[in-house]
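Residue numbers (my numbering), protein chains in the order written: chain A, 1 to 114; chain B, 1 to 429.
Just so you know, the hints here were simulated from the structure itself, not pulled from any lab data. Just so you know, these numbers come straight off a predicted model, no measurement behind them. Among the clues, some could well be false.
[Unchecked claim] Going by beta-carbon spacing under 8 Å, a handful of chain A positions derived as facing chain B:
{"id": "1", "residue": "Pro41"}
{"id": "2", "residue": "Val45"}
{"id": "3", "residue": "Tyr46"}
{"id": "4", "residue": "Arg47"}
{"id": "5", "residue": "His51"}
{"id": "6", "residue": "Leu55"}
[Stated by the list, open to error] Quick look at which bits of chain B chain A covers, simulated, 3 or more residues with Cβ under 8 Å:
{"id": "7", "stretch": "63-72"}
{"id": "8", "stretch": "285-298"}
{"id": "9", "stretch": "362-372"}
[Stated by the list, open to error] Straight-line Cα separation of at most 35 Å, DSBU-like style, residue types lysine-lysine; simulated pairs:
{"id": "10", "chain 1": "B", "residue 1": "Lys286", "chain 2": "B", "residue 2": "Lys213"}
{"id": "11", "chain 1": "A", "residue 1": "Lys38", "chain 2": "B", "residue 2": "Lys394"}
{"id": "12", "chain 1": "A", "residue 1": "Lys38", "chain 2": "A", "residue 2": "Lys24"}
{"id": "13", "chain 1": "B", "residue 1": "Lys394", "chain 2": "A", "residue 2": "Lys34"}
{"id": "14", "chain 1": "A", "residue 1": "Lys34", "chain 2": "B", "residue 2": "Lys213"}
{"id": "15", "chain 1": "A", "residue 1": "Lys38", "chain 2": "B", "residue 2": "Lys287"}
{"id": "16", "chain 1": "A", "residue 1": "Lys17", "chain 2": "A", "residue 2": "Lys34"}
{"id": "17", "chain 1": "A", "residue 1": "Lys91", "chain 2": "B", "residue 2": "Lys287"}
C-beta atoms are modelled at their ideal positions from N, C-alpha and C, and glycine is treated no differently.
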Amino acid sequence: MKLIIAIIQPEELPDIKDELLKEKIYKFTVTNAKGQGKEIPVTEVYRGISHEITLLNKVRLEIAVNDEFVQPVVEAISRVARGEDELGRGKIFILPIEEVIRIRTGETGPDAIG
Amino acid sequence: MNSLSRLIAFSMLGFSTMAYASSDAVAAYAIDNFFLFICAVLVLFMQAGFALLESGLNSAKNTVNILFKNIIDLSAGALLFYVVGYSLMYPTDGNGILAFSGFGYVGESSEAGAGVLNPQVNWLFQVAFAATAATIVSGAVAGRMKFSAYLIYSVVLTGLIYPISGYWKWGGGWLDALGFYDFAGSLVVHDLGGFAGLAGALVLGPRVGRFKKNGGSKAMPGHSLTISTLGVFILWIGWYGFNPGSQLAIVGVDNTNMVMLIAVNTTLSAAAGGVTAMVLAWWLFKKPDLSMALNGILAGLVGITAGCDSVTNGESIMIGLIAGLLVVLAILFLEKMRIDDPVGAWPVHGVAGVWGGLATGIFGDHSLVAQLIGSIVIPLWGFLTMYGLFGLLKAFNLLRVSETEEIRGLDISEHQEEAYAGFQIFTAE
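Please take these sequences and the hints and turn them into a complete structure.
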């Protein structure tokens, strides 16, 4: 069992969600996030004073999967998010999961994920 | 109703009106007063515009505080203006500097006729102006002043300071005798508020973190330019009560023509102010800046207010063009002087107000010397009295919230209430 955490660009979320559904990944959690990467910061001007925005809007995607689904998830995300030479495409982190419990039934382990 | 009773009702109506004045005079009286009533409501609606403009240009954590200041300007202000203000501004007779006709005086009725104002609707129109002068300040002092201090300021301005200088001009006082002209209040209303706001911003000092120690400054973006833009549109529309309404009558060819000229002049000046502020800001900062254009529109409106009945369409465009330039330069000047006026109350109402007073002398057929005197005296009166009041409040430590309270936001520290409880913008899909 693995927890996949992906930091992606907000506008890519709908396409990534479609790709995940194609791979039969139906369960995930999405959070709004702010992050700083290699992208060029955005300069805003407010009433004549310019200020740099380095913490940009991101989406944090969390997916808990059984081991055989790890590769399909990574590929689904990468199909959408992998730009040619563009910076700020995001990152995918894969972490081991110690235990999963489905609250309603009390099921544990790989059965509780799917 | 059967035909007989209708006939009786009709003849009774005819009889009762004939007892007082001709039916033409009654109709003219009704139309003029109804016109002023609608205009008074439009000016009162400007309070909504100010509330939205100011809350949008400040951070979300101070929204309840700003909205509260705006409602209390009208609520407390109306009561004070009723008890003492109107009587100070329009005394029955006086010495030209300070006079009083007793508490709760709202004027006397005269026989119905064209151009004769019902004293109640006249009072309503006047209180709307008083509340406008007061509410200008709330933007300049946003984010750091104690609510209780603002309450004190608000009643003093609406009850005393505004009516006294208002008497000098509109009540027939010494500025009026001098030949100073201010048709709808570039000076009497807007400049008084603008310079009172400057006094507040100076005595309070800037918001925490607004200016850095090493000389730089930090932008503190408003939390909703959507709300601010709606506010400016409401103000613009409200101005059709402010300026055309100041003709105080619409019956008669001269009055009708004048009201419509004023309405168009007001529109053209606002439009010109918005355009030049946009162009200048675009040239200076490389991008068109919405909040500057919003201030430019308001500067155009403030600038045309004093002479909107005395200039041509072309001249009103000139007045607006220059007002739009002045407001951007005034915002940059405040920045350089490290004075924190979060919404640009002084650039809009103070600077464009003085310009409106002078422009009335330059373009209109009025004495430039008298305009110059009026455009110095009224701002100075507003600035000095309010500098004194804010200074006094500061000396007793009643003026400003603590740094911790300011950082948490006035909504929590002053009101224990949030404007956007439970509200979060979420990524779609």
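Structure-based check of all given hints:
no.	hint	result
1	Pro41	14 Å, violated
2	Val45	5 Å, holds
3	Tyr46	4 Å, holds
4	Arg47	6 Å, holds
5	His51	4 Å, holds
6	Leu55	14 Å, violated
7	63-72	violated (count 0)
8	285-298	holds (count 6)
9	362-372	violated (count 0)
10	Lys286(B) / Lys213(B)	27 Å, holds
11	Lys38(A) / Lys394(B)	48 Å, violated
12	Lys38(A) / Lys24(A)	32 Å, holds
13	Lys394(B) / Lys34(A)	40 Å, violated
14	Lys34(A) / Lys213(B)	28 Å, holds
15	Lys38(A) / Lys287(B)	25 Å, holds
16	Lys17(A) / Lys34(A)	20 Å, holds
17	Lys91(A) / Lys287(B)	33 Å, holds
Hints 1, 6, 7, 9, 11, 13, counting from the list given before, are not met by this structure.
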